[in-house]
Structure formats: structure tokens, C-alpha cells
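J.: With chain V fixed as given, assemble chain W onto it according to the hints.
Protein sequence lines correspond, in order, to chains V and W.
Terminal number for the first sequence in this note's numbering: 272, no gaps in between.
Terminal number for the second sequence in this note's numbering: 332, no gaps in between.
Simulated from the structure, these hints should not be mistaken for lab results.
There may be inaccurate statements among the hints.
To be verified - Taking lysine to any residue pairs in the SDA-like style, the calculated list, with each CA pair at most 20 Å apart, reads:
| hint | chain 1 | residue 1 | chain 2 | residue 2 |
| --- | --- | --- | --- | --- |
| 1 | V | 75 | W | 209 |
| 2 | V | 194 | V | 163 |
| 3 | V | 75 | W | 11 |
| 4 | V | 181 | V | 149 |
| 5 | V | 110 | W | 183 |
| 6 | V | 56 | V | 74 |
| 7 | V | 120 | W | 186 |
| 8 | V | 120 | W | 192 |
| 9 | V | 110 | W | 194 |
| 10 | V | 27 | V | 65 |
| 11 | V | 56 | V | 26 |
| 12 | V | 128 | V | 118 |
| 13 | V | 56 | W | 194 |
| 14 | V | 110 | W | 192 |
| 15 | V | 194 | V | 165 |
| 16 | V | 75 | W | 186 |
| 17 | V | 128 | V | 164 |
| 18 | V | 120 | W | 11 |
| 19 | V | 75 | W | 214 |
On a predicted model such as this, the values are computed, not experimentally measured, just so you know.
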Amino acid sequence: MTHPVLELRNVSKSFGPIDVLHDISLKVNAGEVLCLLGDNGAGKSTLIMTLAGVHKPTTGEIFMDGEGIRFDRPKDAADRGIATVHQFGGTFPLMSIGRSFFVGVEPVRKFGPLRIFDRKTANQTAVKAVQEFGITRIDDGDRLIGGLSGGERQALAIARAVHFGARVLILDEPTAALGVKQASHVLRIVLEAKKRGIAVIFITHQVTHAMAVGDHFAVLIRGALAANFMRGEKSREEITDLMAGGEALADLGAEIESRMGPHDGPPPQPAA
Amino acid sequence: MTILSPVSLLHRPQSGAVLSLIAVLAFFMLFGGVDIGRFLGAASWVNFAANLGIVALPVGLLMIAGELDISIGAMIPAGSMSIAVVSGHYDLPILVGIGFALGLGAVVGLINGILTVRTSVPSLIITLATLVAMQGIVLSASVLLTGNASVPLDAPAWAKAIFGRLIGGNYQIIILWWIGLAAVLYVVVHQMPFGNRLFAMGGDRASARNAGIATDRMTIGLFVLSATSASFVGMCGAILFNSAQVSGGMNYIFNAVVSIVVGGVLLTGGFGSVIGIVLGTLTFAVVSQGIYFTDIDRNWSSLIIGVMLLVAVWMNNSFRTMALTHSPKKKP
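Pulled out of the complex, with its shape left as it was, chain V reads as follows:
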């Protein structure tokens, strides 16, 4: 039997007295896209940071390939092949594509006793890596990151993660700040990563984007797993309702109504 690439078993996380994650169990297989849905404050970010080694679970275990693991630092997770790409992708707007692609792992060539940054190799590798993901408009590694569109930056960040051997790709709201066309580019790149056998965890609150690429969906509400289902098991409306807290949304109308009426309480005191 093959093990899931990454598995959480009964993971909880508290910061002092506040429970942020409660008893989360999830798995993601190679070549599968797990969509993590949830409203703001549902605990998505904490979950990502736990996976990326920034936080340690208070209780519960994390398994990779069936083997229990512990991340002490973000680098431990990165060394295991867990890569996180944030909303704005490339974070060094004033660096060139080639340079930012290789930050921390610069290719060098020998020049006498010196080890010189190999700009040509860096640029070629970076451009090739991103073009393989279908972004052919990037063809010059000397261009600055800040001049790329949001979708191109995401593509570059994903290509970078894959190039450096990511096995689990965590995408934190990659489409949140993008227009419709840009978002569809990014979704296509997600599918391309999936095709290469990478386990993708796709965090979003846009149900349409999740439905387009997801194989497996998990909805987080106030730190707990409210639903966990496979593609095709639920409709878009059901998912949206779930994310908003199900019946809570239906009750909202009635609640607003009741607040509109007159009340008998004393008028608020003006501040002294």
C-alpha cells in the first residue's frame, strides 16, 4: 500500500488559552490537489504554517510517506520538499528573474580563486523552468520581478518550488489578488504541477477556483474540519454554505431583521 505524501493525524494547535486548530486529520497524495477552503480566521494560515514548520502542533502528528516527522524550523520542512508559495509570489520586486530564482542557492562558476555568480546559467534555468509551465511570455531572465504580472509571479514562484524538488506545494490564496484571466493561468499551472506528480495543497476562499482544480476538498470552520469530501460529492452552493457556516447564513437575514425594530433600552450615554 502506498502512503499519502503528507498526512495530519488529530493535529491541534493552541496559542496559550486559544485553540486555533482542533483535531485536524487530512491526507494528500502525490498528483492530487487538496483544496483547503475556509473563511477569514478559520485557521487556514495556522494550518499552513504548521505544515511549513513555522509552528509546531500542540498535539497530534504529521506523517510524510507514512513516517512520523517533526519540523523544528521552516528549513526542515523545506528540506523535506514542502514548499509554500504566498499570495504575492515573487517577494523581491527589484531583483531580476534569474537572481531571485536562485536566492540562497546561487549557481557559481570558478574565476581564478573566486566563485562568481553565474548569471547566464541562472537566467537560462529560470526562464526554461517557467516556460515549461506554459508561461512563454517570460523570455528574459534580466527582467525585474516587479515588472511581472501577478499571475506570472505566481507561475515563477511555483516553477521555482518545483525546480528545487518540491513534493508538496502549498499555495496560499494564489488567485486572491488576480483578475479572471490571470487566475485561470495560475489554475492551469496548478494542474500542470499535479500532472508532474506533486501533491498540491490549494488554499482559497473562492469556491469556483477550488472546483476547477480540486480532487479533494476540506472545509475549515473556526479551526475544526467541518467537511472533508471528494470531487463531485457536493455542489458549489453546498460548499459556499458550508464555508459561511451553513445554517448561520440562513439565520443572518432573520437576525438583521430583528435588530431593525425599535427597542426600549436607554439611549447611549455621550462620552464625557
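T.: What follows is chain W alone, placed relative to chain V:
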């Protein structure tokens, strides 16, 4: 080669400094009646630039990394006083004095760096504190130990030859140190992996750290370099002029920052170049010292520097925006 095309030349961080330097020289020639041949051969502004430049380079790198070090203002007199007290007043070998001056720079740099990475206090405030504290230490220590605020120093010939000689009668040997430092830093920053990490760190410290870059160690190292360089400038001055004073050095703070910013370094970090800092320093020196060669009254030089600073920063911002929006190969 695309690098040499005029359009991409404008996208380099130093382009504003090149244009500023040309503009200032042209202004002096047109309105000041400067004999350009005599001017370019003059030692005064080159000496000034070299002393300022050795401080401006490491402070500029710190600025690229997103930090600032103003304690240099106290480290210059600290460097000259420490060698004068050790080797002049106490008559210890000059090597001990040199070691003490540079070691003091390294220690203050370490303090600046460690405080910056360990606390969330901005480095401007931390180095302001060490600036004031070092002024107090230097003044009290010299009065306590020598009973005077000015100490003579008689350096041996070999030390003078290396650190404090006049070449051709007028040119301070520190000019060669400046050229050497600039060359080394150019290779390290623009040709070696270190530079890539420096720019990444200045662009986004958290992401750089997540990419496995030892940001804390690099920051501390840069602070050590800047304080030690400032101490070095003070030390060379003491050896050259055979004496050291506790005052002086404060002008270097503003002069260095102006030179760096004119040189195209982004105040918030992540962008800049060694060549730009060198050119910015040259431009500053030409304005502040070159004005003596013109018919223009000397008092106008501060106005020119102020205007130049604004124009250069405005140009640098425009060029940066152009570089961001520019894509070299347009598809037909």
C-alpha cells in the same frame, strides 16, 4: 550585448549619479568659469571623496540591506583618538595602536549588529545611541588618560607610507585604499553569491531567511564592516596629520547618506550598486570642494547639494519605475 545599450544603461541604479555628476561638472564649467583640466587634477576634492567614500561604501551596503549606521560619526574620531592615545600618549608600538583602533571599530560594529538583530529597535535608533555613547566615551577617556582633547602621534615611516602618506605632494594614500575597497566590494556584491543574498535580504528579510540565508550573520558582518571602516578613516587621518582630536566626524553622517542616496541606493533597501555609491561620493565631493575652483561663492554649495539630492532621487525613482515596466524584447 544588451547590457551596453543606452536604454538598459538607464536602468542601472547608478544612472542618476552619472547624470548628476555630468550636470554638476557642466554647471561649474558654464557658470563658474572652471578650467576643467586644472580641476580634474586637483587633489582637494579627491582626498575629500576618498575619506568620505571609505565610509559611504559599507554604510551604503547596509542601506541596501535595509539598515542604517550613523554611529560612523563617532567612530571616525574614536579611531583617530584610540591610535593616538595608545601609540602617541603611551608610546606603544604602532601595530598595537592600529589593532586597537580597528578592534574598537569591530566591537562597536558587533554591538550595533547584535542589538539590531536581537531587538526590534530600528538600527537608526540603535546607532544613534552608540553614536552619542561613543562620543562620550572618547571625550571622557581622552581627558581622563591624557588630560587633553587633542593628542599628538608620531607614527614610524613604514606606517606613514601605508596609511598616511601624500603621493605627488598632495594626494593622500587613502585614495588607493578607497579604490581597493570599492573594487573588492564590487566583486563581492555584483559578481559573487553574497550580493544576491544582500539584495534579497534588503528586499524581503523574512523571505530571504526562509530561503536559507543567514540574515542575522550578514547584518552583523555589515555593521562590523561599517564601524571598522569609519575607525580606519580616523586612524589614517591621525597618522597623516600626526595628531588626533575628539571632535569632528559628525559631518560624515549626512555627507555619506547624501552620497549614497544620490548614488541610487533605495532608502528602504533592496536596490543599489557599488559603482553608484562611488559616483554619488564623487559628485558630492565635486560640489562641496569643487566650488572653491569656481567664481561662485562657497556659501551656495549647500543649496546646490540640496537641489542635486532632490533631482537625483527623483531621477532614480523614475529610472527604477522604467526598469520595472520595461520588457526588453517586444514581440512583433
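J.: The structure should be examined with respect to each hint, and the outcome stated for every one.
T.: Hints and how they fare:
| no. | hint | in the structure |
| --- | --- | --- |
| 1 | 75(V) <-> 209(W) | holds, 9 Å |
| 2 | 194(V) <-> 163(V) | holds, 14 Å |
| 3 | 75(V) <-> 11(W) | violated, 35 Å |
| 4 | 181(V) <-> 149(V) | holds, 11 Å |
| 5 | 110(V) <-> 183(W) | holds, 18 Å |
| 6 | 56(V) <-> 74(V) | holds, 10 Å |
| 7 | 120(V) <-> 186(W) | holds, 19 Å |
| 8 | 120(V) <-> 192(W) | holds, 13 Å |
| 9 | 110(V) <-> 194(W) | holds, 15 Å |
| 10 | 27(V) <-> 65(V) | holds, 10 Å |
| 11 | 56(V) <-> 26(V) | holds, 16 Å |
| 12 | 128(V) <-> 118(V) | holds, 16 Å |
| 13 | 56(V) <-> 194(W) | violated, 32 Å |
| 14 | 110(V) <-> 192(W) | holds, 10 Å |
| 15 | 194(V) <-> 165(V) | holds, 14 Å |
| 16 | 75(V) <-> 186(W) | violated, 30 Å |
| 17 | 128(V) <-> 164(V) | holds, 14 Å |
| 18 | 120(V) <-> 11(W) | holds, 19 Å |
| 19 | 75(V) <-> 214(W) | holds, 12 Å |
Of the numbered hints listed earlier, those contradicted by the structure are 3, 13, 16.
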